[in-house]
Amino acid sequence: MNGLLVNSYGCSYDYNLKSEFEEPEPCLKRIKKSHYYTWPRRQKFSKKRKVSQIIHQIKLERAISEIDLKFENSKNICNYLNHECFNRNVSKTEKKNYCFRKYHIKLTPTNLEKTTEKVSLTENNIERKISATNNENRNNAKNIPSDEIFFNENKLGIIRILKNWKLGSDNNSKNYQGNSYAYSDSRSSVSSINTVNENDNSSSCSDVSFSTSKMLKNYEHQNKIISSSHLIHLQRPESLPPKPIVEQIKHQKEYEKMVNDLKKKEREGDIRQKKKNDDRLKEEERLTQATRMWLSEILPNWCQMKNNKKTQNLWWNGLPPRVRGKVWSLSIGNTLNITKEKYLTCVKKSKDILKTGSKDSLQMNENYEHSVELIRLDISRTFPHLCIFQQGGPYYEVLHSLLGAYVCYQPEIGYVQGMSFIAAVLLLNMEELDAFICFANMLNKPCHKAFYSLDVQKMRHYYLAYSDLLRVNIYDLYKHVNETCLSPDLYLVDWVYTLFSKSMNLDLACRIWDLIVRDGENFIFRAALGIMHLSKNELLKMDFLRAAQYLTKLPDDICPNRLFKSISCIRMNNGLFTFEDLLNNYAELIN
Amino acid sequence: MSAPPYSYSYIFKYIIIGDMGVGKSCLLHQFTEKKFMSDCPHTIGVEFGTRIIEVCGQQIKLQIWDTAGQERFRAVTRSYYRGAAGALMVYDTTRRSTYNHLSSWLTDTRNLTNSSTVIFLIGNKSDLKDQRDVAYEEAKQFADENGLMFVEASAKTGDNVEEAFVETAKKIFQRIQDGRLDLNATESGVQHKPSQPGRTTLTDQSPKNTCTC
Chain A
1 MNGLLVNSYG CSYDYNLKSE FEEPEPCLKR IKKSHYYTWP RRQKFSKKRK
51 VSQIIHQIKL ERAISEIDLK FENSKNICNY LNHECFNRNV SKTEKKNYCF
101 RKYHIKLTPT NLEKTTEKVS LTENNIERKI SATNNENRNN AKNIPSDEIF
151 FNENKLGIIR ILKNWKLGSD NNSKNYQGNS YAYSDSRSSV SSINTVNEND
201 NSSSCSDVSF STSKMLKNYE HQNKIISSSH LIHLQRPESL PPKPIVEQIK
251 HQKEYEKMVN DLKKKEREGD IRQKKKNDDR LKEEERLTQA TRMWLSEILP
301 NWCQMKNNKK TQNLWWNGLP PRVRGKVWSL SIGNTLNITK EKYLTCVKKS
351 KDILKTGSKD SLQMNENYEH SVELIRLDIS RTFPHLCIFQ QGGPYYEVLH
401 SLLGAYVCYQ PEIGYVQGMS FIAAVLLLNM EELDAFICFA NMLNKPCHKA
451 FYSLDVQKMR HYYLAYSDLL RVNIYDLYKH VNETCLSPDL YLVDWVYTLF
501 SKSMNLDLAC RIWDLIVRDG ENFIFRAALG IMHLSKNELL KMDFLRAAQY
551 LTKLPDDICP NRLFKSISCI RMNNGLFTFE DLLNNYAELI N
Chain B
1 MSAPPYSYSY IFKYIIIGDM GVGKSCLLHQ FTEKKFMSDC PHTIGVEFGT
51 RIIEVCGQQI KLQIWDTAGQ ERFRAVTRSY YRGAAGALMV YDTTRRSTYN
101 HLSSWLTDTR NLTNSSTVIF LIGNKSDLKD QRDVAYEEAK QFADENGLMF
151 VEASAKTGDN VEEAFVETAK KIFQRIQDGR LDLNATESGV QHKPSQPGRT
201 TLTDQSPKNT CTC
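Chains A and B, in that order, give the protein sequences. 1 is the number of the first residue of the first sequence in the working numbering; add one for each residue after it. 1 is the number of the first residue of the second sequence in the working numbering; add one for each residue after it.
Calculated from the structure, these hints are not laboratory results. Check before you lean on any hint, since a few could be wrong.
Here are a few chain A residues that face chain B, going by a calculated C-beta distance under 10 Å [stated by the list, open to error]:
1. Q390
2. Y415
3. D489
4. D494
5. Y497
Only part of the chain A face toward chain B is listed, based on derived beta-carbon distances under 8 Å [to be verified]:
6. T382
7. F383
8. P384
9. T498
10. A548
All residues carry an ideal CB built from backbone N, CA and C; glycine is no exception.
Start from the sequences, fold in the hints, and give me the full structure.
In structure tokens form, the structure reads like this:
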């Protein structure tokens with residue numbers, strides 16, 4: 001056997017849940033073909049197993065971290081996969097192996113460390129390797145406590161993927177599930193975190209050894225050499241003419257550069273990841289404390305506490321999801337005095353209209369009771385990605401009756417597109433009756449009343465007042481949008497009608513809602529200006545169309561803290577005139 | 001974030017109108033992304049799409065305004081018609097009511113756009129053959145009577161979608177060449193842009209690794 005330069009590049013063959021072995025893809029595509037490498041031959045089978053387990057563990061780590069990376073920015077693993085797999089016409093086997101095959105195993109920092117090691121494959125070395133890997137992983141586990149969280153999340157993610165694997169036959173999905181546990185479990189044993197699924201341990205272990213031994217057999221069959229850390233063999237196979245020395249040095253240099261670059265990249269990625277984890281932990285911690293505070297101190301003494309400075313600060317930082325519905329409900333109040341009976345009567349009435357049709361109301365002016373028939377068309381098109389409002393979904397009927405009831409409650413407004421988003425957000429945070437009460441009361445406030453009764457004049461006053469504030473706050477952007485003819489109504493319509501819930505990430509929209517219920521409807525425009533402030537630099541570079549597209553579909557990864565910082569920079573007055581003054585001025589001016 | 005490295009000679013403004021739920025946004029999505037979006041949220045106000053197509057050897061950028069369909073939203077959407085060079089009027093072949101409302105959509109379009117605006121009638125959801133509620137012939141007759149171009153399309157299968165958008169562009173282009181559409185008129189819906197080859201390409205192309213072997 002030749003002296004080997006051990007390197008972890010070799011392991012980028014498709015990771016397959018099924019143990020069928022496939023020809024390793026020529027490693028990293030970044031490595032040029034002229035860098036020949038082979039797999040070291042294994043001598044004893046007993047060692048093979050140990051070695052293969054290490055490989056397996058490393059691969060598990062990588063596969064999982066790979067998935068992490070893949071979905072770091074994507075909120076919905078299932079959607080991603082569904083989209084990726086089912087929109088394409090992939091064959092059945094391909095589908096079966098898709099999930100893990102897709103994610104080639106790439107370098108992780110742990111394995112990069114090993115790239116420079118020179119290991120000849122003697123027994124000692126293998127043993128050293130085993131203990132080194134274990135130590136390393138143990139250390140990792142100690143150093144990064146959040147690893148555990150990630151691990152659990154991944155596991156959940158994988159299970160979610162599997163649950164969504166609708167097209168796979170039952171047998172297949174079972175198989176996958178078994179194997180996914182195998183993944184998680186081996187990883188947990190590697191990093192000495194024995195958190196979950198001890199039950200599956202035995203089966204998973206056998207899975208692992210079965211698959212690896214089969215893999216090895218295949219390797220041996222192909223007369224290839226395998227090692228624990230996936231080797232690049234710089235010596236060229238005999239069948240090929242020798243490489244000129246200049247070229248060899250050049251390649252060596254290139255190779256080193258590549259390794260260094262990758263190392264650097266990985267290190268940066270690691271730091272980013274760590275920061276992200278820390279942030280997340282901090283956020284969780286904050287939310288737990290805030291929830292405790294809201295539940296134990298503020299909510300029981302709502303009237304005294306609500307205007308308290310501490311409460312207001314806590315509120316600004318976002319309501320914890322657990323108390324959000326309650327706080328919204330208390331804050332919005334029920335000036336319309338809607339009772340349960342009233343709600344039920346309205347629901348019944350709307351159902352009657354749906355059954356019998358609304359012949360007489362059609363002839364009446366200013367009565368939009370018949371619009372109850374339109375609701376049906378929009379329910380399943382409300383947050384379709386959440387998959388709960390579509391026909392047959394858990395919230396379809398509820399949302400339908402809530403909107404129907406509103407039409408009968410306010411026939412002069414009726415159903416207007418956009419309402420379903422507001423009602424849906426409320427339903428996601430509170431019970432049906434509370435949601436209806438909040439809904440009706442929210443829509444009774446001047447701005448929403450103007451918009452939902454499609455009072456174009458009044459809407460215009462809002463746009464003009466908003467434009468004034470845009471000019472005062474972000475003059476260069478104001479100038480730019482004027483030059484590109486991007487009038488505010490093009491994006492404000494969407495933002496005001498749905499209170500941001502359609503055009504931005506729902507979590508962030510809810511945080512804006514928190515403050516809309518706290519500060520009143522003017523906050524809609526303050527938030528809008530905040531968004532403009534935050535995206536100023538991007539918007540200044542865009543033409544009309546791109547800016548319009550950007551604003552009607554805001555990026556998913558807006559950082560809440562940055563947005564709220566931007567919002568806090570916004571002044572809601574033009575000199576001595578407040579937003580209300582501006583509205584009144586325009587109302588007088590135009591009338 | 002970067003603009004596609006294209007250059008184009010014209011921008012045509014299109015507007016898509018029609019009753020709610022007829023599939024306006026899906027048609028647009030099919031045209032721009034070549035994909036069917038089975039569950040797209042309903043449009044509030046207006047949304048935008050764009051694609052560059054080639055017509056008669058000219059690169060044309062379509063700027064498409066996809067509007068909310070609810071009748072009552074027309075108060076808002078009426079302001080979007082201004083300066084549209086093409087109007088795609090969509091109805092749902094499986095819902096007769098959407099067809100019945102065409103005349104009011106047509107009136108709006110005629111009133112709010114200029115005489116050179118090309119109006120194209122699209123009967124969407126043609127894939128749902130067993131649920132058909134409006135006969136092809138009937139719609140064809142309506143289109144002929146009103147001088148509209150007409151096609152039945154399916155945003156789901158992609159059938160005729162491309163054709164509808166491209167035919168409209170061809171017609172507009174033809175009108176420009178005939179001189180029926182005045183490029184200098186403020187609301188023609190067409191902007192003539194001399195091609196600027198290289199300018200966008202240079203700034204937007206990030207250096208990629210080039211393979212030397």
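Against the structure, the hints come out as follows:
1. Nearest Cβ of chain B to the Cβ of Q390(A): about 7 Å, under the 10 Å cut. The hint holds.
2. Because the smallest distance between the Cβ of Y415(A) and any Cβ of chain B comes to about 8 Å, under 10 Å, the interface hint for this residue holds.
3. Interface restraint check for D489(A): the shortest CB-CB distance to chain B comes to about 7 Å, inside 10 Å, so the restraint holds.
4. With a least beta-carbon distance of about 5 Å to chain B, the hint placing D494(A) at the interface is held under the 10 Å criterion.
5. Nearest Cβ of chain B to the Cβ of Y497(A): about 5 Å, under the 10 Å cut. The hint holds.
6. A distance limit of 8 Å between C-beta atoms decides the matter here; for T382(A) the minimum to chain B is near 7 Å, and the interface restraint holds.
7. A distance limit of 8 Å between C-beta atoms decides the matter here; for F383(A) the minimum to chain B is near 7 Å, and the interface restraint holds.
8. This hint holds: P384(A) has a C-beta 3 Å from the nearest C-beta of chain B, less than the 8 Å allowed.
9. The beta carbon of T498(A) comes within 6 Å of a beta carbon in chain B, closer than 8 Å, and the hint placing it at the interface holds.
10. With 8 Å as the threshold, the beta carbon of A548(A) comes within range of chain B, its nearest partner Cβ sitting at about 5 Å, so the hint holds.
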